[in-house]
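J.: All chains should be modelled from the sequences, with the hints used to inform the complete structure.
Read off the chains here:
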Amino acid sequence: MAEGKVSFELVTPERLLLSQEADMVVVPGGAGDFGVLPRHAPLISTVRPGTIRLHDGGGDPAEIFVAGGFAEVTPERCTVLAEEAVPLAELDRAEVERELREAREDAADTDDERRRAAAERRAAVAEAKLAELG
Amino acid sequence: MPSLKDLRNRISSVRATQKITSAMKMVAAAKLRRAQEAAEAARPYAERMERMLGSLGGSLAGSAGAPKLLAGSGEDRVHLVVVATADRGLCGGFNGGIVRRSRELIDELEAAGKTVRILCVGRKGRDQLRRLHGTKIVDVIEGVGRRSVEFAEADEIAERVRTMFDEGGFDVCAIVYARFKSAISNEVTVQQLVPAPLPEAEEDTEAGGPSAVYIYEPDEEAILEDLLPRNVSVQVYRALLENAASEHGARMAAMDNATRNAGDMIARLTLQYNRTRQAMITKELIEIISGAEAV
Chain A
1 MAEGKVSFEL VTPERLLLSQ EADMVVVPGG AGDFGVLPRH APLISTVRPG
51 TIRLHDGGGD PAEIFVAGGF AEVTPERCTV LAEEAVPLAE LDRAEVEREL
101 REAREDAADT DDERRRAAAE RRAAVAEAKL AELG
Chain B
1 MPSLKDLRNR ISSVRATQKI TSAMKMVAAA KLRRAQEAAE AARPYAERME
51 RMLGSLGGSL AGSAGAPKLL AGSGEDRVHL VVVATADRGL CGGFNGGIVR
101 RSRELIDELE AAGKTVRILC VGRKGRDQLR RLHGTKIVDV IEGVGRRSVE
151 FAEADEIAER VRTMFDEGGF DVCAIVYARF KSAISNEVTV QQLVPAPLPE
201 AEEDTEAGGP SAVYIYEPDE EAILEDLLPR NVSVQVYRAL LENAASEHGA
251 RMAAMDNATR NAGDMIARLT LQYNRTRQAM ITKELIEIIS GAEAV
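Taken in order, these protein sequences are the chains called A and B. Counting with this note's numbering, you get residues 1 to 134 for the letters of the first sequence. Counting with this note's numbering, you get residues 1 to 295 for the letters of the second sequence.
No wet-lab data here; the hints were simulated from the structure. Certain hints may be false.
[To be verified] Pairwise CB distance ranges (calculated):
| # | chain 1 | residue 1 | chain 2 | residue 2 | range |
| --- | --- | --- | --- | --- | --- |
| 1 | A | Glu90 | B | Gly168 | 36 to 46 Å |
| 2 | B | Arg147 | A | Arg114 | 22 to 32 Å |
| 3 | A | Ala124 | B | Gln192 | 27 to 37 Å |
| 4 | B | Gly263 | A | Asp111 | 36 to 46 Å |
| 5 | B | Pro218 | A | Pro75 | 20 to 30 Å |
| 6 | B | Gln192 | A | Arg114 | 22 to 32 Å |
Even glycine gets a Cβ: it sits at the ideal position worked out from N, Cα and C.
T.: Now the structure itself:
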C-alpha cells in the first residue's frame, strides 16, 4: 500500500464494484458525513442514501451515489457495503423523478404495512438522489 | 426379432434425443459459466458482512438488548426449513440430493420433538416433499432465477422469512442448498439463517489487532438492527447463487452422460440393424439357391 493512502472498497451484493486507493474518502454516515483519511480510528457505521466522494490526486473527487448500507473503517482501509451504487454522473433527473413518483404512488396505493414501508424507502432513496443532483 | 423398419425408427428416435441432450448440455455449460461468475462476484459482500457481523455480534451476543434475529426468540420449538431446489428437472441427482438431505433434517428435528414447517423455493422440492410432508409446507416460491438470480428476489424470500419470524411463526430457520464445488460436484449444505450464527474464532484470527475496539456510529444496537435483516437476505442470495451454479453444473454433467449413452445406444442399434439386414439377404440367397437346386 502506498504511504498515506486509504484503500477503498465499494461492494454491492452482486459484485465488488470498486477497489482503489484514495487520499481521502467522504462517506455519508447514518449520523452525518465523515471523512476517512489514512490511520483513521476503527469505525463501523451505517450509511444513509447519499454520495461518496473519493478524493485522489487533487482533481475533482469521483462521486458515487449509494442507496444506504454499511461502512467499516480500519486504519488502512475503508469498506462500504452498499445496497445499490451508481456514479452520480449517470443519474438522470427525469428518471429519478419518475422513480420518486412511482414509489410515492405505490406507498399511497397499498394497504400492506410492509409494502408501504418498502415503497417509502424507495421514495426516500429517490429523494436523496434528487437532493444530490441539486 | 424386431423388423428392419422398427430398428430404423428406433435409431432415428434415439438420434433425435441425442441432439436434444447435447443442445441442453451446451446451454447448461453457457449458463454455468455465468452463474459461476455471479456466485464468485457476490462473495466479497458476504465475506465482509460476515466480518462486520462477527466483530459486532461478539460484543453484544450475551447482553439482554441483543435483537431477536441474533439472540433468537428464546425458544427452540418450531423450525422452519427452507428447501432451495430448481424449478426444472433433468439435472441428475441435484434436486434429489437436496430433498434427501432435507428429509433427513426434518426427520431428525421431528425425532427431537420439534415442530417443522417447510418453505419450498423451487418447484421440484415441492413436488418431491409433497407426498410425505405436504401438510408442513407453508409456502412455495417458484420462478426464482429463471434468467439470473437477482438480489431483489432473494430479498423478497428473506422478507417472507423475517415476516414469519416477527409474527412468531418459528424459532429457528435453516436453508438447505447445494454449495457449488466444481462443474461436476456440489455439496448439499444446511445453513442456519435465524438466529444468525456468529463466525467462531473471529478474535483468534486477528489476534491483538485493532478489530476489538471499533467505534460504532450511531451505536451497536442500531447497526445490528439494520445489519441483521440484511444478513438474512445476503445469506439467501448466496444460497440461491450457489444453487444456480450447482444446478447448471449438475445438468451439464447429466446431459453429457445422456449424450454419451445415446451414442452407445445408436452404435448398438446400428450393429443390430446391419446384422438383421445381412441375415435377411443371406436367407433370401439360400432360398433362391435351394430353389434352383431343387429343379
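J.: Is the hinted range of 22 to 32 Å satisfied by the C-beta distance from Gln192 (chain B) to Arg114 (chain A)?
T.: 24 Å, holds
J.: Can the suggested window of 36 to 46 Å be confirmed for the beta-carbon pair Glu90 (chain A) and Gly168 (chain B)?
T.: Holds, since Glu90 (chain A) and Gly168 (chain B) (Cβ atoms, about 44 Å apart) stay within the stated range.
J.: If I claimed the Cβ atoms of Arg147 (chain B) and Arg114 (chain A) lie 22 to 32 Å apart, would that claim hold in this structure?
T.: Taking Cβ atoms as reference, Arg147 (chain B) and Arg114 (chain A) lie about 26 Å apart, which means the hint holds.
J.: If I claimed the Cβ atoms of Pro218 (chain B) and Pro75 (chain A) lie 20 to 30 Å apart, would that claim hold in this structure?
T.: 22 Å, holds
J.: Mind checking the hinted window 36 to 46 Å against the Cβ distance between Gly263 (chain B) and Asp111 (chain A)?
T.: 59 Å, violated
J.: Please test the hint of 27 to 37 Å on the beta carbon pair from Ala124 (chain A) and Gln192 (chain B).
T.: Holds: the Cβ-Cβ distance is about 32 Å, inside 27 to 37 Å.
When held up to the earlier numbered hints, the structure conflicts with hint 4 and nothing else.
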